[in-house]
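Undergrad: Now for the letters of each chain:
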Amino acid sequence: MKRLEKDESLCIGCRQCEEACSQAFYKVSDPAKSCIRITDREDGTHAIAVCTQCGKCAEVCNTGVITQDAKGVYRLNKKECAGCLMCVGFCPENVMVQCDDYLEPSKCTACGLCVKACPTGPIRIVEE
Amino acid sequence: MIQMCNVPRYADADMAEIQKMREAHQVLKHVDYEPKDLYHGYTDKRLRIDLSANSVEILDIPQEVKEKFVGGKGYCLRYLWDATNPETKWDSPENAITMSAGPIAGITQYAGTGKCLVCTISPMTDIPIDSNVGGYFGPFLKFSGFDVLELTGKAEEDVIIVIDGNKGTISIEKAPLEHKDAHVLGEELTAMYAEDEKDRKNVAVVCSGSASEHCNLSMLNFTFYDPKRNVVRLKQAGRGGIGRVFANKHVKALVCRFKGVKANLNHVYDIGILNKDGLKFHREIATLDDKQNSMRKSGTAYSLRTLSDYDILPTRNYKYGGTDKIDEMAPEVWQNQWLTQGGADGCWYGCSMACAKTADHFLLKTGPYKGQRVCVDGPEYESAAGLGPNCGITDPQAILELNFYCDTYGVDTISYGTMTAFLMECYENGILNKERTGGLELEWGNIEADLEMLHLMARNEGFGKIAALGSHKQKEYFAKMGWGDMAFMNDIAMEQKGLEYSEYSSKESLAQQGGYGLTNKGPQHDEAWLIFMDQVNNQIPTFEDKAEALYYYPMFRTWFGLLGLCKLPWNDIVPADNSLTDEPAKVPEHVDNYLDLFYGVTGVRIDRDDMIRQSERVYNFQRIFNIRLGKGLRKNDAIPYRSQGPVTEEEYLSRQERYDGQLVEQVGLTPEQVKNMSLQEKMAATRKHREAEYERLIDAVYPKRGWTLNGVPTVAHLKELGMDLPELLAVVEPLQDAQP
Chain A
4 MKRLEKDESL CIGCRQCEEA CSQAFYKVSD PAKSCIRITD REDGTHAIAV CTQCGKCAEV
64 CNTGVITQDA KGVYRLNKKE CAGCLMCVGF CPENVMVQCD DYLEPSKCTA CGLCVKACPT
124 GPIRIVEE
Chain B
6 MIQMCNVPRY ADADMAEIQK MREAHQVLKH VDYEPKDLYH GYTDKRLRID LSANSVEILD
66 IPQEVKEKFV GGKGYCLRYL WDATNPETKW DSPENAITMS AGPIAGITQY AGTGKCLVCT
126 ISPMTDIPID SNVGGYFGPF LKFSGFDVLE LTGKAEEDVI IVIDGNKGTI SIEKAPLEHK
186 DAHVLGEELT AMYAEDEKDR KNVAVVCSGS ASEHCNLSML NFTFYDPKRN VVRLKQAGRG
246 GIGRVFANKH VKALVCRFKG VKANLNHVYD IGILNKDGLK FHREIATLDD KQNSMRKSGT
306 AYSLRTLSDY DILPTRNYKY GGTDKIDEMA PEVWQNQWLT QGGADGCWYG CSMACAKTAD
366 HFLLKTGPYK GQRVCVDGPE YESAAGLGPN CGITDPQAIL ELNFYCDTYG VDTISYGTMT
426 AFLMECYENG ILNKERTGGL ELEWGNIEAD LEMLHLMARN EGFGKIAALG SHKQKEYFAK
486 MGWGDMAFMN DIAMEQKGLE YSEYSSKESL AQQGGYGLTN KGPQHDEAWL IFMDQVNNQI
546 PTFEDKAEAL YYYPMFRTWF GLLGLCKLPW NDIVPADNSL TDEPAKVPEH VDNYLDLFYG
606 VTGVRIDRDD MIRQSERVYN FQRIFNIRLG KGLRKNDAIP YRSQGPVTEE EYLSRQERYD
666 GQLVEQVGLT PEQVKNMSLQ EKMAATRKHR EAEYERLIDA VYPKRGWTLN GVPTVAHLKE
726 LGMDLPELLA VVEPLQDAQP
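First to last, the protein sequences are chains A and B.
Heads up, the first sequence is in our numbering, so the first residue is 4 and it goes up one at a time.
Heads up, the second sequence is in our numbering, so the first residue is 6 and it goes up one at a time.
Hints are computed from structural coordinates only; laboratory data are not their basis.
Each hint should be verified, as a subset may be incorrect.
What the hints assert, rightly or not - Straight-line C-alpha distance at most 30 Å; calculated DSS-like pairs for lysine-lysine:
#1 A:K30 / B:K267
#2 B:K172 / B:K233
#3 B:K41 / A:K82
#4 A:K81 / B:K41
#5 A:K82 / B:K233
#6 B:K233 / A:K74
#7 B:K285 / A:K82
#8 B:K281 / A:K30
#9 A:K81 / B:K281
#10 B:K172 / A:K82
#11 A:K81 / B:K203
#12 A:K74 / B:K267
#13 B:K470 / B:K375
#14 B:K172 / A:K81
Said to hold, decoys possible - Residues of chain A placed beyond 10 Å of chain B at every Cβ, according to the derived structure:
#15 K9
#16 A23
#17 D43
#18 A73
#19 G75
Glycine residues also receive a C-beta, built at the ideal position from the N, C-alpha and C atoms.
Using the sequences and the accompanying hints, generate a full structural model.
TA: See the structure below:
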């Protein structure tokens with residue numbers, strides 16, 4: 004399975020990953036439109052929420068429009084998606100994106116753009 | 006535990022057979038039309054099909070109708086009234102079946118937003134019945150350009166009506182070869198009208214089943230295709246015999262195809278509101294359902310044990326309120342042994358509550374499909390309770406088999422369960438015996454006899470013909486045959502207005518007695534399901550609270566039927582802090598969600614009072630519709646004593662401590678007096694008290710509803726509601742001063 008792995012101790016909270024992700028599809032710099040989410044903790048460290056490709060989104064989808072590709076990544080077929088947002092609401096990591104400008108949500112495809120944008124190496128793509 | 010990922014997909018239909026069936030169709034009428042896009046939840050179009058004339062008309066819905074009737078059940082009743090007259094019976098050609106989904110229906114972001122309402126003049130009650138149902142037909146009908154469908158007249162031979170909302174075509178076709186049972190017919194028509202496997206989810210079918218040609222208890226199945234299981238699922242517009250009217254019109258099925266479901270086909274006023282509230286609700290379900298009702302795991306059957314514990318679960322024809330065998334059908338039994346877990350079981354897009362559970366690849370042991378493995382939708386609480394403990398049955402295997410056959414034959418599980426319980430008590434009391442039933446030993450818990458009666462009913466054979474009448478007509482028949490005492494049967498037959506009760510024992514809840522008795526369509530809980538808040542949560546403790554609840558909740562709950570909404574997401578899950586609100590029973594945050602949805606879809610801002618007012622208009626219209634057809638007065642709101650108190654000595658003795666105590670606490674007798682009374686005297690005193698309480702309740706509720714003490718809406722109230730329509734005044738004005 005191809006997915007993102009994280010090591011929060013290396014994160015400096017620069018949010019380059021969020022920037023890269025939201026730019027990739029939504030063409031804006033907006034953390035709310037990123038499938039990777041950085042949260043600052045009081046102690047100065049940073050929490051990283053990423054899609055673990057757990058498949059909960061696919062399980063709750065009643066039309067079966069979220070399916071695993073050959074590498075194990077859950078992908079959303081937006082053409083067939085009815086925009087019910089259940090996948091967004093049930094995501095255990097809260098990393099699916101819903102925005103009112105689009106009828107369908109979006110999810111991490113493990114494309115690696117966030118990894119490339121990150122200067123310190125807390126996130127990486129793994130294939131198991 | 007059966008996990009969805011381990012459930013094999015069901016087999017495809019035989020396409021060669023499907024092709025032969027389609028080739029046998031004869032098109033009687035074909036119409037091309039331009040589907041009108043929705044705007045703020047409405048198309049403002051009505052589709053009227055007259056089966057006698059094979060005519061198809063597309064008509065405008067006037068603004069006044071929209072303002073006064075909103076949609077859904079409001080539209081269904083308005084156009085049913087217009088199609089019929091005071092003499093119309095269920096089988097009159099002019100009787101209509103009306104279907105409407107309501108303005109919010111078809112959004113995908115919020116749970117429970119795909120309901121379709123169905124009305125007709127009922128063969129069981131002779132007044133309008135309304136039934137709400139999931140499945141995809143209602144929203145597809147809207148997307149195809151129609152806020153309401155009206156079927157009237159009678160076809161000469163079995164026809165299907167096919168609406169293609171993408172192509173803009175409507176056809177009436179003779180369809181001689183398709184099977185009649187719903188689980189087969191649903192598959193056949195879905196495969197027939199889908200362009201390919203992927204297109205099956207875009208086909209919705211409405212059909213009844215093989216019992217519907219002769220059985221008053223017949224309902225309509227509404228399908229939706231489940232792409233993960235590769236099977237057509239069935240939801241039911243269950244109550245009041247709509248399936249019988251459907252079959253009497255020789256309609257075998259309706260098919261609606263619509264490809265392209267998206268989040269904003271309603272062209273709503275503000276989609277952001279729907280997204281925000283929908284997402285909030287999904288998150289609530291995701292985090293709280295396991296801690297509350299586990300609707301996603303066991304559906305409404307979760308409540309069986311709770312209701313048994315609180316003495317509410319109807320057992321042996323409502324004699325008792327629970328069974329010591331309840332563990333055999335506890336929630337964990339359904340979850341661990343029977344119902345598939347982890348499925349996406351919503352009956353419309355976006356229903357995260359997902360209570361439409363299934364028992365998959367269930368092996369049938371009896372009947373025409375014996376030996377086959379099938380998908381059983383349910384059981385829902387009502388089906389499990391009625392088919393189960395009410396008839397002395399606690400075996401899930403038997404309940405599932407009964408549930409399956411009721412569904413596929415097109416028989417309402419609630420009426421069938423309650424009626425069978427009545428027949429079993431008749432058998433126990435010698436009103437029925439083996440000779441009179443043609444060999445069926447209808448003893449409590451006799452699963453074999455119960456299933457055989459159902460199969461006979463579907464085939465219209467033997468005692469099945471009597472079963473097909475329903476309890477109300479059975480009483481008359483048994484009395485006419487000299488088999489039983491009418492007064493006793495009136496006490497124990499759990500029917501009112503001709504409709505069988507749904508599955509709550511209301512003896513200890515005066516509010517629920519009224520919740521059943523003071524309904525428009527007959528004793529169905531959807532109008533005033535007060536028993537949980539009264540008897541379990543003690544949220545309406547005083548007499549005044551109960552009377553007020555019988556004004557507010559029927560109106561509040563009617564609103565769901567106007568808008569195309571399911572009520573379960575309203576209070577089968579509640580926000581974590583709901584108990585801290587001023588009125589937890591009303592679930593204020595969810596009510597606000599619904600007001601948001603109304604605004605988000607229509608662009609019209611309403612408040613909580615407006616919501617009730619919208620319902621009151623339609624509720625009073627329905628009451629007057631009943632009066633127009635000869636019911637709807639106080640005398641018609643009388644209820645069987647079994648729903649109020651102990652009819653038999655064994656019932657009294659089973660809860661003697663409680664009843665004796667009430668004679669002291671509620672009737673005002675001294676303990677010494679009670680001690681010296683005979684059992685018969687105590688039963689008579691209990692009955693007198695309870696029946697008087699019910700009358701006192703009516704005296705309190707009717708004025709709150711703006712009705713005379715005879716149950717007639719007052720002219721002043723109609724004026725206040727803006728419902729002083731000439732046709733309504735013509736019905737109520739002569740009755741304003743009539744005494745009960």
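Undergrad: For the pair supplied as a hint, B:K285 and A:K82, is the alpha-carbon distance within the 30 Å limit?
TA: holds, 24 Å
Undergrad: If you draw a straight line from the CA of B:K41 to the CA of A:K82, is it 30 Å or shorter?
TA: Holds: B:K41 and A:K82 sit about 23 Å apart, inside 30 Å.
Undergrad: Starting from B:K281, check that the Cα of A:K30 is at most 30 Å away, please.
TA: holds, 22 Å
Undergrad: Within 30 Å, alpha carbon to alpha carbon, are A:K30 and B:K267?
TA: holds, 23 Å
Undergrad: Going by Cβ atoms, does A:G75 stay more than 10 Å from chain B at every point?
TA: Given a closest Cβ separation of 15 Å, the condition holds.
Undergrad: Hey, B:K172 versus A:K81, does the alpha-carbon distance stay inside 30 Å?
TA: Given that 30 Å is the threshold and the Cα spacing comes to 23 Å, the pair holds.
Undergrad: A:K82 and B:K233 were given as a pair; does the straight-line alpha-carbon distance stay at or below 30 Å?
TA: Satisfied, since the Cα-Cα distance of roughly 18 Å is no more than 30 Å.
Undergrad: Could you check that no beta carbon of chain B comes within 10 Å of the beta carbon of A:A23?
TA: Non-interface label on A:A23 holds, nearest chain B Cβ at 25 Å vs cutoff 10 Å.
Undergrad: For B:K470 and B:K375, compute the direct alpha-carbon distance and say whether it is at most 30 Å.
TA: OK: B:K470 and B:K375 at ~22 Å, within 30 Å.
Undergrad: Hey, is A:D43 genuinely clear of chain B, shortest beta carbon separation above 10 Å?
TA: Holds, since 22 Å exceeds 10 Å.
Undergrad: Quick one: work out the minimum CB distance from A:A73 to chain B and report holds if it exceeds 10 Å, violated otherwise.
TA: holds, 18 Å
Undergrad: For A:K81 and B:K281, compute the direct alpha-carbon distance and say whether it is at most 30 Å.
TA: Holds, at about 20 Å.
Figure legend: structure checked against the earlier numbered hints; every hint is met.
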